[in-house]
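Work the whole structure out from these sequences, hints included.
One-letter residues, chain by chain:
Protein chains: 2
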Amino acid sequence: MGLTKTEMFTDKQNEIALFSKVFGHPARVAILQHLFKIDSCVCGDLVNEIGLAQPTISQHLKELKHLGLIKGNVEGTSVCYCINPENWTKMKDTMLQFLNQDVSNKEDCC
Amino acid sequence: MGLTKTEMFTDKQNEIALFSKVFGHPARVAILQHLFKIDSCVCGDLVNEIGLAQPTISQHLKELKHLGLIKGNVEGTSVCYCINPENWTKMKDTMLQFLNQDVSNKEDCC
DNA sequence: TTAATTCATTGCAATATTACGATTAATATT
DNA sequence: AATATTAATCGTAATATTGCAATGAATTAA
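In order, the protein sequences belong to chains A and B. First residue of the first sequence: 1, per our numbering; consecutive thereafter. First residue of the second sequence: 1, per our numbering; consecutive thereafter.
FYI, nobody ran anything at the bench for these hints, they're computed from the structure. Do not rely on the hints blindly, as some may be mistaken.
Heads up, the list lumps identical chains together, so a pair's fine if it works in one copy or across two of them.
[Claimed, not checked] 16 Å max Cα-Cα, derived EDC-like pairs, lysine to aspartate or glutamate: (1) Lys90 / Glu107; (2) Lys65 / Glu86; (3) Lys90 / Asp102; (4) Lys12 / Glu63; (5) Lys21 / Glu75; (6) Lys21 / Glu63; (7) Lys92 / Glu7; (8) Lys37 / Glu107; (9) Lys5 / Glu86.
Predicted model, so just to flag it, every value in this text is computed and none were measured.
Laid out in structure tokens, this is it:
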């Protein structure tokens, strides 16, 4: 059907899925990596840095902003984007709980 | 267009996106968490555990298997699924590199 | 052999995502 | 004011994803 049944899962599971979903596109991964690499904030150079059209980048930025992973500040005609460190850390904690599940006793199963 | 332009990104960026994409659905998160929780392997109880139809679960398992995160062993009429610990660890390393980017100098930007 | 069980596959409908041209909104420059 | 610059939004086309009923394949039980 194309409609994810979020109501049958826990809040945590849905949260992990939402964060993962936003990382599920290489353009958004690239945007975030670039924002980390460039210490100072970056505006629409992302359009040049990544090879996608301006509306496409703008759309990806919107999703990242919606999840709180980046902040955007208007500076004249351009907009300065950067990582939101608090929310990045919170996201990381959630994801690490999921990724760090104990793998040690899974060796001889199946 | 709906067609992700993977060729304009690095292998690493695409890899991160692929792993993230598979975690981008709560059913797959729930399946993985259940496989971690149940030390011994689990077969089609996943259909009961999670509330989705058998073909749907089967499809999610297929994607997890395709990325190498789980293994499946036929045992009679049922199939036993479990975490693939080696690949899980490899995936974790890749994801951690991405998640652990330094956030410390992002405080006063924008 | 026949029936039952378990799971994969197929086919399809509904919805979501990706990408971009065209346009709009906001500010800056002249 | 008129123009330029930058980025958001709208509209739309192409493709992907999700979910399940129906079916098929493989094994086991009778």
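Status of the hints after comparison with the structure:
no. : hint           : in the structure
1   : Lys90 / Glu107 : between (31 Å within a copy, 15 Å between copies)
2   : Lys65 / Glu86  : within (13 Å within a copy, 34 Å between copies)
3   : Lys90 / Asp102 : between (21 Å within a copy, 14 Å between copies)
4   : Lys12 / Glu63  : neither (19 Å within a copy, 21 Å between copies)
5   : Lys21 / Glu75  : neither (30 Å within a copy, 34 Å between copies)
6   : Lys21 / Glu63  : both (10 Å within a copy, 15 Å between copies)
7   : Lys92 / Glu7   : neither (24 Å within a copy, 28 Å between copies)
8   : Lys37 / Glu107 : between (38 Å within a copy, 14 Å between copies)
9   : Lys5 / Glu86   : neither (29 Å within a copy, 31 Å between copies)
Hints 4, 5, 7 and 9 from the list above are not met by this structure, while the remaining hints are.
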